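Chains as they are written, first to last, in our numbering: chain P, 1 to 556; chain Y, 1001 to 1742.
Read the hints as simulated data drawn from the structure, not as lab findings.
Fair warning: this is a prediction, and the values are worked out from it, not measured in the lab.
Worth double-checking, as some hints may not be accurate.
These stretches of chain P come out as covered by chain Y in the derived footprint (C-beta under 8 Å, 3 or more residues) [stated by the list, open to error]:
1. 35–42
2. 335–348
3. 365–372
4. 430–438
5. 509–515
6. 523–535
The C-beta atom is built at its ideal place from N, Cα and C for all residues, glycine as well.
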Amino acid sequence: MQNDEKTSHASLYGGDRGWSERFGHAFTWLCGGALALNVLLVLGILSLLAWKGFGYFWQEDLVEFTLKDGSKVLGEVWEEEIVAATPEHPAVDRLRLKIGNRDVNGLDFVWIDRADVVSRREPKDVVLLERLEWGNFHGYLREIRRGDQVLAQGSEAVWQQLGPLLATKEAEREEIHALEKGAIGAINYEIEKLRLAARRLEISGLPAAERERRQAEIDKTLQEREAEFQQLADRLFQMREALTAETLVAATASGETKEIPVGGIVSAIRPDDLGVLGKLALQGKRIRQFVVDDPRESNTEGGIFPAIFGTVMMVFLMAFAVAPLGVVAAVYLREYAKQGLLVRLVRIAVNNLAGVPSIVFGVFGLGFFVYLIGGSLDKLLYPEALPTPTFGTGGILWAALTLALLTVPVVIVATEEGLAAVPRIVREGSLALGATKFETIRKVVLPAAAPGILTGMILAMARAAGEVAPLMIVGMVKLAPTLPLDGRPPFLHLERKFMHLGFHIFDVGFQSPNIEATTPLVFATALLLITVVTLMNLLAIGLRNHLRRKYAGSAV
Amino acid sequence: MSAEATARPHTTPWRRLAADRIARWVVSAGGLAIIVSILGILVFILVEVAPLLTAARVTVDRKIPLAGAAPGALLSDEHRTHVAALGAEGRVRVIRLSDGQTVATRDLLAEPAELVDLQVPPESSALAASTRDGRVVIAPVTFQITFDAQNRVVSPEISEPVVLEVDPLGRPLQSFAAQIDEEGSATTAAALADGTITVVRRSVTHNEMTGETGEETVRTSAPVSYRVTHLALDADQKNLYGGTAGGEILWWHLEEGQIGPVQAASAGTAPITALALLIGGRSLVVGQGNGTLSVWMPVSKAEDADAASGDERLTRIRDFPPQSGAIRLISPSPRRKGFLALSDRELGLYHSTSHRTLWTGPSPLPGARALGTSPKDDGAFLAGHGTLASLALRNPHPETTWRTLFGKVWYEGYDHADHVWQSTGGSDDFEPKLSLTPLLFGTLKGTLYSLILAIPLGVFGAMYVSQFMHPGYKRYVKPLVEIMASLPSVVLGFLAGLWLAPRIEHAVPSLLLALFVLPVLVLLTGAAWNRLPRTFRGRFPAGTEAFLFVVVLALGIWLCFSLRQPFEHLAFAGDFRSWLLHAVGLSYDQRNALVVGLAMGFAVIPIIFAIAEDAFTNVPQNLVAGSLALGADRWQTVTRVVLPTASPGIFSAVMVGFGRAVGETMIVLMATGNTPIMDWNPFNGFRTLSANIAVEIPEAPHGDTLYRTLFLAALLLFVLTFLVNTVAELVRQRLRERYSQL
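So that you can see chain Y by itself, here it is in the shape it has in the complex (with noise of 0.2 Å):
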């Protein structure tokens, strides 16, 4: 057209010729704009999915001098403004990051005395230490937070110390693990000088009625055969661990204070030189002289005969990249299965349950001697050398590696690593499951379990109505086709869930039976219709015994299900289910694969159709003709010639509708029990990756794992279907050509 443009110029004014500039500017540019964001969308949901498996990062916010001893215990406050640090002296200083100030103060003790181990109970706010002459001092310290006007106010509360006396012979004691619970009730272990396991529970009653508190003291002791150089005590003060100089781990149930059996485990020979309980208190860290790092758990062996049910042994689950000298301190995450580990040089930031080396580096403050986790897992502190550093992580989804989303994880709690997906649980400490697995199985699944019902009976029919049938015929089964394609799932899968579901449970020996008795009435039919004088069949185009067809199977499906009883009782001893179960062992739910394979594989037999009747049709004539005039009937001309022709266009239909079925949501959302299991059985449910967008993401808050997870899923769903669809058209597109040249 610029020919005509430049051809004579003097004649379209130059107003039209701008108005047709800009026109081809804006419209170009809209179109561009408008495909390029259209694609985006696959841009942005991997931009939300990057995150998840990025690394962590650890930096130094900032080093603050400290004043007294050097603190061997730190806590912190949610927002990482003051840290509670407690030191040798007996004296816990509350220091203002911002400025380095020390806004509170409070000795532990009256009296002048020396700290020797000092720690953090698991899961508490609160300073534990054990005194040189035998006792054992736990204050619990809060941070309380309050708004004035525009501004955020933390005070640090140093409550009231508990000191427990644990040896009445005043000796230091060789190792301590203290607890305290909310009502002010505190449990301490410790290994003393001659030889004993030693529990002090000192239990605080609270009497409703008449508001008096009453305290009782109750001490245990139990020898013990091993030098233990650590002890840990879980949160619920029920479980008592120990490391020795040996390298054992060892384990005690603590019931109403007292100490039961010991069991113990090799952790090889090195000294066990730190220990700690992650979140939930079902995980022990294990720090040893030679820099290993060791994950422990109480796993049932349930699978041995012999042992009583509910028997655990603790068992090591994994292990991290060693570190280069013996590991000093753990600090595990207060809100993750995470902790951090220093040795005199390096410091490591880890994950239990995904596995995973998150961070390590040099340590920021060589030598430090207390090391602590703020409450909301955002920073880190270090004291030592008369130093305090302070740590940013930054380290949004620790709990995600390849590995947990698609491989099988060893979760707390249970006794072999396996696939689960189990996004939220009751308690607060609960862990969320999220494999793929699982759910890109229940994908597979559904969609198996349509396509075995739509190919055939897609790919035939549409066989039949472009080969066998007048095509005059075909202007009524079309529009029947569309309709069927623009049915909206939710109506098949409200028919599946709510109709067929509670129909079929009592039906499955119909269907059964359906499957022989129905093909049979069709060719019985269709020798019955052949047996016809030829002059009365030849009034009908070809492919009229088609509608006789849909009254004979009308007559069979009504056939099948009344004769359902008889064949339970001859097939299957009277009781489908009770046989299914006892005979196959197979349990049955009502809403299940079989019920969504007949409502999928409703909503994608009319696009498989569809396509494939377009790559039947459009076979070019010269063939078929140049078939049947060298001799060979309809039905050769078809296998032959036809069926290899168009194989290429019954593949794409294929995958089309693959595609389908992968992504339908609401049929699967109402027609399973959308229950994540890996079970090929036909008659249980299973879950999908679409049917468990729908169900979680309107609870997964914004940014969270699973919040991305879900993004995950989407883009496998994107790619999935994206992909199938593009190799479907390209095949059809390679078809057209061959077809045009032929």
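This is chain P alone, in the form it adopts within the complex (with noise of 0.2 Å):
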């Protein structure tokens, strides 16, 4: 095409100038204006997803606006309208306004007029609080008491002593936390265990006399832990009052006081007062948050590490289990099958089910995975724990196995590549050395074929961490209490359900009651999301061409 260059050019821009030939340049615009649509789309998402998404984690100023009714509001400023005149209505120009406190207000977002304003002001003392609960608070720092005390009173005072004190407490709510996911979910753990063991006994087919010596022996130590339970629980009482023993006195713009336990202060910035590296910093700081930190308020606020911690784990059982499937399928059909017409319709047959709807394989992993087969494992082995589903319910096994089958198309699909990419030679060379067409394959032919596989392997990796529709079905929840992982044996618990960044993004955009409030932080799990896939796929595509330029040169 490139010898074709200069006879196209002359033929396209220069000549006679017919009716066809201004058509074809026409038509050659238009065509020209489909790529560039195409590429103007995708550049557009992309960027929309990084501002959005960056955005979430900027923390704007604090604007101070007078109203002409002398009402004073505070707030983030979120967007700017105008409403153009219409016969009925004349022209508005309005700002939307994050104005938190949705202990006081009631609501996340006013609209205020610009004509309604008098006067604005972005004071260096006003103070964003990060709360546990109701969200962030906005306005003017008071005084700290405990109890009658007052330990601090006037905003800068206040300020001082609020940095240290949030440190105490945050390392106070570090060591309850401490406490109820160690001793106490031990101890629940336990007595959990206690009860099913119970009820396994109730339902064996042991001697009256035996199970109830059995019973007897249970009873005690469930007496014992439940005795421990006790303990730990006034202990964590304890260590809550001391939790809340502070309290901090605050404004909001309008001069209503509000009194908020410090405990339950995630952090206090004064937005108004910190300069451009100073957002950059907190930006930083609050990124680390989101990807670190368990989820608040039902999901809609804190961090996402549960659902990044699902994702992947979820994302790796699924590789272990695509993994043999994929390369002995492929080895089976590139090696060792005789090629002809089945061989053929079943390649066919593989690839095309690649393009089947991921929720159709949705749909078999529960009738097959979560009813069959866990189902009749409950049977067999957790009988005591029925009518509750230990496997018979969805669970991360199920997803994984269920993506495995979604993605097999895909490793076979480029496995198969990788094989036919190897070189006769190389193979006829090992076997005229004496190697068995086993040892050929083993140490020759895989080996050199391994960047094929693993392109395989990510790109499957890479559908399965978009993959939602299927794992809705088989296995996600909105939010699950323990992580399929932990301390306690068999540490990997692999019925337990789990979250995941691609249904956070659904549940969270669709289903929490305030959408308004939390699509910005939609857009920042979406960002994460695409970027993993995106720099999972690069890194695939980057493979298959070196892959491809290096047989393209070895070949023949």
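Now that you have both chains on their own, put them together as the hints suggest.
Spelled out as structure tokens, the structure:
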């Protein structure tokens, strides 16, 4: 085509300007326009996600508006809108503010008319408190109290004291969290196990005397555990009391005072006092917290760590399942099967399986893995827990296996491509040296095809990471209380439900009560998800190109 | 390689040969097993769907000899362990089916009295009868179920009967119907010997404050000019239906015990011999002397301009194949819109809504006088000639036929037959309506709107990249398209539903404007580029202008959005949505087909692009070179040589894109309202097969009809996409072969 360029240029841009040629030009440009629009769409979507996603972490200045009626509003300017005049309505120029203080205002956003604004200022001493409950607080510091005792008074003094106090509170919160998840969690787990043991005893066919003896044993341990639990619960109660001992008194823009337990404050910042650098540092800190923290307020605030963890773990479980399946099937198809019509048909079928909608795999997973296999496992291994299902309900194992089925064609196709690219002379060389066929495959062909297999695996994992529809059926939940991997035997809990980034987007974006306030968080999650998926894909593309170049040179 | 092995067997130790043999065996078996089990997905789904359309089975469990007078009414407990039978001598016997023992008895009336007409009121757990002296007696029967250690214990309990004096003169009733509710309020309606219909209602009021119970009995009569032989009263005690010896069906409203005017409809001349109300009380099954079986429903005739709204007429909806003799008894199912009908020699099992005759056969007890269905609809009982027969009904999915799945069905409460998907409803007697047609329609609608966007952008974009662009640029364009393909659909769905939909809502005029403005801008830019001096243009490789177009298009889109208001004023009288509603008559949903078309189109573009680009690029160079050498210009070569040669590839690209759009779930789930309606309006929502599965299957009980119907939906998707992809793949392989020959 490069050779044709000169001639094509000559006829395209020069020569006689016939009607057909002009038409040809026009159509060529329209084709170019189609391509340009595609490019624009991709870039547009990527930049939209990046802009909105990073915007979630950026702290805008808090602006205090004084309105004509004397009231004051304090908030971040979220957007501006100019509604042009219509015959019925005059033009409106208005601002949307995120005002926080959900406990005082009842809503997160207000519209104010620019015409009503008398003055605006950005006070340096305004604080933004990120709270465990009720979202952010915007306002001014007044005092810190412990019971009736006033520890500090006045905006500046309180600000000075608040920092160290928040640090101690965070330590206390972490201690409480450790106690809850650690000792108390362990006892709860044990009590549950004892309960199941008792149930197992009940349905076992042991003689009555033996049953009673064992029951007594279980009861005794159960009592001990419950006593321990009570002790721990008392300690927890005391710790919670200590956590909420101090109260911060703060005033909203309209002068209303609000008492906030200091233990419930995650962080305090003075956004209007931060420079650009300070804000960038804050943004970095927030991104880190987003990735490592647990969610709060039913997923609408805090971090998304469990979702990241669930996604990664599910994808790796899937990879463990799909790698042997895909590679063995591909090796069989390419190296052992007799190449004929049947193998050709099988190849087409496997290839087309990649085009079967993912939801179909979800339906299959539900019917086959969850109800058939899971249900049978429950009857065999966990009869004491019935009718509460153990494996007979969606879980991370079933999700991983379902996705393995979904992505196995990708791995088969990529592996076959990799195997086919290994030059014939290499195999023949190995065979000529006396290696058996299996040794040739294991030591020569497979290592040479490794990049192809790896490409397939990465593509499969990228697809699995972004897939949501089948998982909605076989194992994801809005909020999982426990991770599928923890410190209690058997450590890996394959029956557990898990959280997933993609489902998090769907759930928080569409099923939370306050969609307007949570959309920015969903943008951040979406950005994270596409970053991961796109990076994996780029890696796979790079590997594949490398592979093709390598063999394009050596083949013949 | 076997050649090597046999040529020098002594050099290869047997251990390695064995390893090779084992490996061959293991890999082959493993590979085959994996491939077979992957393809087994289809088989598994088929197995789950199959029971939907299997026929019912009716078998006789056991026959038990009965003591006493022949029973005329039968009731059983949920687990079919006990049957309560009411005999003509006025005694209720509870019989344990396992051994035929009578475990409880009770005489309904203190004095010996002969019962004339015995029945089980619809949707109740009571036995009712009329006496020879003009009274009606109703006795609720309950089966308490308790568990001791391992076993289930059923203890039958026959409550104090309610006795209502209907004919003050003590004559036998010609026919009667009775009903009792949980508080004990009872109504009976009867045709008296003097040619009147008499309704007696005893209402029980319970005062929560004082704990007192009050009773009030109201009796009303109305003359009737027909000879009423059968009556049926619905569970609300509001509607009374009658059948006459002349084949008329009568219908009265009862309000507060008052009898409203009668409405009559003719079912032909054969006398009505059996009458029953199906669960829900809206469908009336009529059996006649000539064996005819028909279903009637009150249908609103709202299309009549004269008729007041809510005015309903009793309408014959469907007929079942007649039985050979007069229909004697009809027993409605307590669970579904099905019923059993019995003539002297024949028994039949039917389902009204699906219009299915599920089973017919010779009556296991010819001449039986009582027929009852078990509460779970899994068994039936017949009694007569001193014998009680217990039947097992295996009838898991009577409500499904190909017609209910894909055709129009006339449901209760509708005024015509229609395609409806509505799987859940508010009340217990709600009937799921599982038509896949609206979902198929929605699937096609979403696919169509997305392909309208994706085909031109994908195919023309690919054409440009492969034919008019310097190959060096491909290195930048192709990864971009692959990134586009890899964007998770949940992200696209989220953007479409929460970001795009609220913005499009106000910007439809801008989009329409863009349809004209963007091509014009591209053409103008192209023309301007052509005017530039060739020395300048020559410095850039072919296809550089596409990057100029990106900028121009961005500007154009911005322009269209800023010109929205003037354009909306000019073209749509200032408000597009009200213009749409008034001038075109279309409504506007925020999440609609247009939004889905844009989002799903975006998801499909890279797929079409990749395959089309492949087809274009692989057109043999000698063809192109030949065409150019003969003096054709680039454009002529593309349209006359490249495009025709590559057209099967384009077809295959469109097919694969179609397959992807058909199965896409998250985008549709998030960007439409998921309303299962059938309407081509691009500004309305719809529901696709895939989104429907995602919405409904978490709530569908395992093994239920809904569950299996959703499996059928999955099967449809599977088969549809598999076929489309196979066709595309075969076309592509043929094309590859042809290219290699050219």
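Okay, the hints, checked on the actual structure:
1. 35–42: That given contact holds, which follows from 8 residues of the region 35–42 of chain P lying within Cβ reach (below 8 Å) of chain Y.
2. 335–348: holds (count 5)
3. 365–372: It holds, with 4 qualifying residues against the three required.
4. 430–438: holds (count 6)
5. 509–515: holds (count 3)
6. 523–535: It holds, with 5 qualifying residues against the three required.
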